[in-house]
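Student: Single-letter residue listing:
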Amino acid sequence: MLLRTFLLRRLTTTLVTLFLASLLVFAACQLLPGDIGRAVLGPFAAPEAVAALNAKLGTDQPAHLQYLRWLGGVFNGSLGVSLSHGQPVAPKLWAAMAQSAQLALVVVGLLVPLAMAAGIWAGLRKGKLVDRVILLTGISLATVPDFVTALLLVILFSLWLGWLPVSGPPDGAGAAETLRHLILPALPLVINLFGYIARIVRAGVIRASEADFTRTAILKGLPFRIVLLCHILPNALAPTVAVLATQISNLLGGIVVIEALFNIQGLGALVAQAAKGRDYPTLQAGVLTMVVIYGVVTLLGDLLQLILDPRQRERPGG
Amino acid sequence: MTRNTRLPAPLLTRLRDAFGRDTRADLWNVALDEHAKGYLDRRNLLKYAGALGIGSALGVTGLLGSTVPARAEGKPGGTIRVGLGQPTAAFNPVLLTDSSSIGVLSQVGEYLILDDAENGLVPQLALSWEANDDLSEWVFNLRPGVKFHDGRDVTSADVVATFERLADPESGSSALSAFRGLLSKGATSAKDPLTVVFRPDVPNANFPYYVSSSVVATIILPADHAGDYEQSFIGTGPFRFDSYQPQRGISFVRNEEYWGEKALPDRVEIRFYDDQQAQFLALKSGEVDVIPEVNSLTSTVEQDPALRVLAVDSTRNDTIHLRTDSAEFKDARIRRAFALAIDRDAVVDGLYKGRALKGNDSIFAPIYASSDPGVPQRNRDLAEARRLLGEAGVPNGFKVTLTTERAYSIPEYSVLLQNQLKEAGIEIELNLIPQDAYYGKAVFGESPWLDSTLGITDYGHRGTPDLILNATLRSDGAWNSAQFKSAEYDALLVDYAKARDLAAQREAAGKIQRLLLEETPTIITYFNKFIRFSSRRVEGVRFTAISHLLLARAWVA
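Heads up: the sequence lines are chains A and B, in that order.
Numbering follows numbering that gives the first Met the number 0, with no gaps: position 47 of the first sequence is 46.
Numbering follows numbering that gives the first Met the number 0, with no gaps: position 419 of the second sequence is 418.
Rather than coming from a laboratory, the hints here were simulated on the basis of the structure.
Keep in mind that the hints are not guaranteed to be accurate.
One-sided excerpt, in silico: chain B residues whose CB lies under 7 Å from chain A [stated by the list, open to error]: (1) 89; (2) 286; (3) 443; (4) 444; (5) 445.
The beta carbon of each residue, even a glycine, is placed where N, CA and C say it ideally should be.
The whole structure should be built from the sequences, with the hints applied where relevant.
Tutor: Written out as structure tokens, the structure reads:
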């Protein structure tokens, strides 16, 4: 019962957010200086050339008509045609999402085990040297912007040692090749997020290990392994899941700087390029996809949290 | 002007004798005399031969010694990998404007004439061209035996269709700004399958430039071209289309049916980059061989033994406009004072480390054969600047806002100007805005580019000065941001366009140059070289100052 209400409420909020986002993006596009024909053809193009292109693209019509036409298209399952490239937006969008998802997968695959292990270790050794080292390292790494880390890594691993390529995976690359091309782009993000995730895990572990149920379990004489796996971790990980969900949706939504630096044609790159070229249909579809991803991933995170921590289901409005 | 590369007298005589009796021979003789006197260097002589359409007929390139590497220099095979920026639109030769698309389409598309950075007009699909006496008709003879990539022959019907399409306002072609007032729809016709006749709206001795690669959209396409170029990428070029992944890259393979010497590389692979830094890292790590210039990195590349900076002269410049109808600049003495306060040497040597040529406040760069080298070069003269300001009633200087684009090295240039002009008492407040915002709607009243009192605008290379002279300074010019209205100037432009021989062109140019120095509606202090970065892995990479990338004679060293 509560779960259904929760789902319904979240779906409604997501839909309203989507609508508002589409409206906002559209309005923002209209406020940008210049027009599409001019953006595509360049400042020195003849006015008649610009007018001809705008007429062809329908971008000479009033903004609200353009918006309604676009919205109608979305409801009919069509995301429209890219204004600058003349191709349907949808395939481009799926291709970009696949690129971003690949990168996100590598990041999560590296980040989660590393940060969790470090967080658990630090939590169990609270106040000890290893705890302080992990905390301090995490905080220090997080303060360095990811593009700086990225450049340093590129200089070290690509330019000096020549071990790793500087660009994202080429088309048709196999799994191993793809991984080789994605490690360098993934590392700066892993390094940046490591401290944050490790801290959340550490806090959860400390809270759970100081809780009454853990003390009771230890007093009952249960082996430490069982106490850790059955009592500490399930309780410690629930808040971590929510934090991870937010970070994963950020990763899927595209990391513009990292994607640009490693020439990965992900969602971030697609949206940035669309904004530059006044390609409204692509821009809107891209931003809406980001909103949907954010909604879905955080929803999944919340659901997972509910499953991990039954107490939350009792909370009113859960 | 270089004067140390004169041809030996016997060769001059041979060149004179080699050509039969017609108008062109007279024009050519004037040029040879100028060369013999030392007024015209070798390269400009060659360029001029191209403009007359006699370069290939005389074999001038061979006689003068071409700088194009001969086939023997390179070895066939291999792949040339190029990094370019993301094209801003779908590939479409008719709408072609952005430099990345020009680089891509250079692999498959060809022109009647290639405006080569080093050799001037080089015949491509046209073998020769000639105008009648009053320049009202230009006849182009096409190269026989040229085939499109789909196997069809190139005939005059294709050339006529190409130019009729470009001159049609409905097409929205990017050639329209260049063609306005010069080549209208209906002015191109076929005389026979290999002869095309152009009847321009007005006489213009530089007409061949307008149907050359100088107007990038004039790639010759099949007569039945109906848009959707990305389905075929059909042209006549040394490479033919292989595969295309939107936003990621495109590849080409050698065209074995090519009319000329077959391309050396087996393949050309072009990758697109959103980010200049990524592009540079790709070059540095060896993933690509050639990339466009990254402004701030030229010195770094020069010092890197694995990389090289390739440069060609161009007329690319950042023009300063002073609005002649504004309170600040309505007095020509103030405009001259402004120009005299600028230290051009500091700009060329400091900002561009010598990778630029000094400008003299008009588009007549030293690389145009028609520029009059006798016009004195304007240099910094603070005392004269102060004197002029005093005479104009503003001895203590004045304040003015400089509006310009935050792009290329314009912000640095602006700060340099701000510091230099302060010494003459002119205080500049900077208003740096994004490039899009600066150009605005690109019409008067809705564009800081065209409306600002004082502005700086980037202008790309032009094969001939006409377009800039007409658009930026003629009284009714579409880009006349200085609001310069001068009947004298307008009349001189007509003289310049009509002038057929080099001496007459130069005379008209000299008058225009002197008038513009006197009036100073615009200030041009430098012409940047057009630069590409390449790895030393490849040799023979060539390009034009308007982004054509010529890879047929490139090879992996």
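Student: Indicate, hint by hint, whether the structure satisfies it.
Tutor: A quick look at each hint next to the structure:
1. 89: Holds, about 4 Å.
2. 286: holds (6 Å)
3. 443: Since chain A brings no Cβ nearer than about 11 Å to residue 443 of chain B, farther than 7 Å, the hint is violated.
4. 444: violated (13 Å)
5. 445: Violated - the Cβ of residue 445 of chain B stays beyond 7 Å from chain A, reaching only about 9 Å at its closest.
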